[in-house]
Amino acid sequence: MIKVEGLTKRYARKIAVDNISFEVEKGQIVGFLGPNGAGKTTTMRVLTCFLPPTAGKASVAGFDVLEQSLEVKKRIGYLPETPPVYPEMEVREYLEFVGRIKGVPVADLAKRVSEVSEKCAIYDVSKTLIGKLSKGYRQRVGLAQAIIHNPDVLILDEPTAGLDPHQIIETRDLIKGLAERGEHTIILSTHILPEVEQTCERVIIINKGKLVAMDTVANLTSRLRGAETVAVEIAGADGSPDEAPDLAIVQRKLEQVAGVSRVLPKEHRDGKLQFTVESLEGRQIRPGLARAVVESGWSLNELHAVGLSLEEIFLQLTASPEDARQEEAIEAAAAGSPSMSAGEAK
Amino acid sequence: MNTFTIARKELNSYFRSPIAYGVMAFFALISGYFFFVAVEFFVRRGMESAMMGQSVPMDMGDYIIRPLFSNISVIGLFLIPMITMRLFAEEKRTGTIELLLTSPISDLEIILGKWLGAMVLYLAMLAISALSLSVLFIYGHPDWKPILVGYLGLVLQGGCLLALGTFISNCTKNQIVAGVAGFATMLLLWVLDWASSFGTSVVDKVVSYLSVLQHFDTFSRGVLDTKDIVFYLSVIFVGLFLTARSMESLRWRA
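First to last, the protein sequences are chains P and U.
So the first sequence is numbered by this note's numbering: it starts at 4 and just counts up by one.
So the second sequence is numbered by this note's numbering: it starts at 2 and just counts up by one.
Hints are computed from structural coordinates only; laboratory data are not their basis.
Check each hint, because a few of them may be wrong.
Derived BS3-like pairs (lysine-lysine); straight-line CA-CA distance at most 30 angstroms [unchecked claim]:
1. K93(U) <-> K138(P)
2. K6(P) <-> K17(P)
3. K135(P) <-> K93(U)
Take the sequences, apply the hints, and build the full model.
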């Protein structure tokens with residue numbers, strides 16, 4: 004659906020996007036991830052034919068963005084970072100205007116406007132001036148505007164920026180809802196990581212104009228950490244605080260399980276012992292751990308794999324050399340208090 | 002089709018902001034005052050000559066209509082930057098330009114649409130002056146043909162100034178800058194008109210040809226001269242062409 008080859012965009016003094024290539028298939032939701040100023044918006048602007056590329060090629064549905072921009076524009080719905088709304092217009096009127104310039108046939112216009120208003124939950128404000136709407140509503144009007152001509156490709160630049168948590172969830176659900184029917188291919192940019200984990204199938208990470216990684220969320224996680232990390236909580240046989248097993252004994256027992264490389268005690272409270280257990284490269288240790296605990300007569304309260312959160316992947320991939328020390332600090336913190344990453348992985 | 006959609010949208014936003022009303026009210030006040038002064042002068046002269054027993058033929062065209070048209074053309078010079086300043090500057094500031102430029106419409110349609118929207122507001126403004134002129138038809142029989150030619154001249158002159166203003170608005174993100182730059186340009190055109198009144202050297206002739214107001218003179222006299230029509234049409238073309246270029250450079254620079 005979308006094909007980008009060797010795309011480079013140079014401004015007067017700096018290179019915003021440097022030789023990026025990727026492909027997006029029909030019906031996918033792709034998260035475009037990167038710190039501020041990484042070149043996300045520039046790439047999107049090239050794809051929407053707003054900016055011409057300095058070098059390289061980009062095509063949408065087989066049409067080149069430079070040579071056949073009109074065809075590309077017909078197939079793309081675009082929500083820029085700030086929704087492109089006219090404050091002096093009423094919502095319905097604005098959607099009709101956008102529908103007209105996007106080439107929605109006049110006969111279908113009223114129907115389309117009602118449909119997208121319904122989809123984006125802005126039906127109740129159809130007659131309100133856009134200037135009087137809250138930011139969340141404006142964002143939804145922007146989204147409605149992007150889908151009014153039922154485009155094959157949706158490009159959303161930070162669709163949840165500046166919204167309150169409630170609105171963020173609503174917007175995400177809306178985007179997911181659009182993708183579920185498989186009608187749209189969606190690219191959304193963000194620097195908020197949980198958003199990608201929750202909405203996207205694939206992630207493209209760019210930093211300083213360069214493509215750093217491109218994969219599914221699951222693959223990225225496992226690729227970056229070959230070994231498995233498991234969080235375990237163990238208590239005494241009947242779970243009462245008095246009969247808590249001795250920490251050192253438990254630790255030794257866990258270390259003896261095949262494939263375990265390291266056992267880190269984490270917390271010891273109310274007779275419950277928590278550990279973070281790391282495996283050797285490519286070894287499954289969870290069944291072994293469970294067996295060892297049960298055989299020793301303790302009760303196993305909790306046992307789950309701690310995935311590397313996207314946040315950590317992101318930091319690892321986008322850290323520059325001068326950030327290396329900071330990265331180490333993060334690593335150390337993550338190892339020392341795995342409860343943090345465990346919480347996020349859930 | 003898209004051109005009209007854009008034009009309608011522009012017109013809509015003019016009338017939803019104070020701009021349209023401000024411009025029209027100001028125009029009505031000033032042009033009404035000039036009309037009143039001209040009519041009063043005409044009536045006084047008429048009474049004077051009647052009292053002195055002479056019956057010199059007096060023409061409304063010479064005394065009222067011609068000066069009124071000249072005045073309106075100068076007022077237009079100062080009101081047009083107010084009409085055009087927001088056309089592109091506002092869209093660039095709020096980012097709505099991204100919507101227009103990523104929609105399946107051509108730059109030409111956008112530019113023509115905006116210019117047309119501004120043109121319609123300008124025409125609405127001119128219509129106010131027609132209201133005062135119609136009073137003349139109640140009390141006398143002025144020749145309507147030179148009036149029509151005069152209005153044609155005003156429309157053409159307005160069209161070319163609006164095209165220049167559209168270009169200026171496309172050069173900046175800031176409405177105020179667009180307004181001030183537009184105003185300065187119009188002032189320059191006005192000054193060119195003075196400069197052209199003395200001297201007969203080649204330079205003076207060129208300057209005089211460039212003066213937008215100079216070309217209106219024939220229209221206000223009720224004369225249709227192709228030379229002037231061509232001048233106005235070519236300035237409209239140049240203005241809109243420059244806008245198109247500036248829009249393209251926006252893409253490559255932004």
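Hints and how they fare:
1. Proximity of K93(U) to K138(P) is assessed by CA-CA distance (about 20 angstroms); at most 30 angstroms being required, the pair is judged to hold.
2. A C-alpha spacing of about 24 angstroms is found between K6(P) and K17(P), which places the hinted pair at or below 30 angstroms, so the restraint holds.
3. Simply put, K135(P) and K93(U) have alpha-carbon atoms about 21 angstroms apart, close enough for the 30 angstroms limit, and the pair holds.
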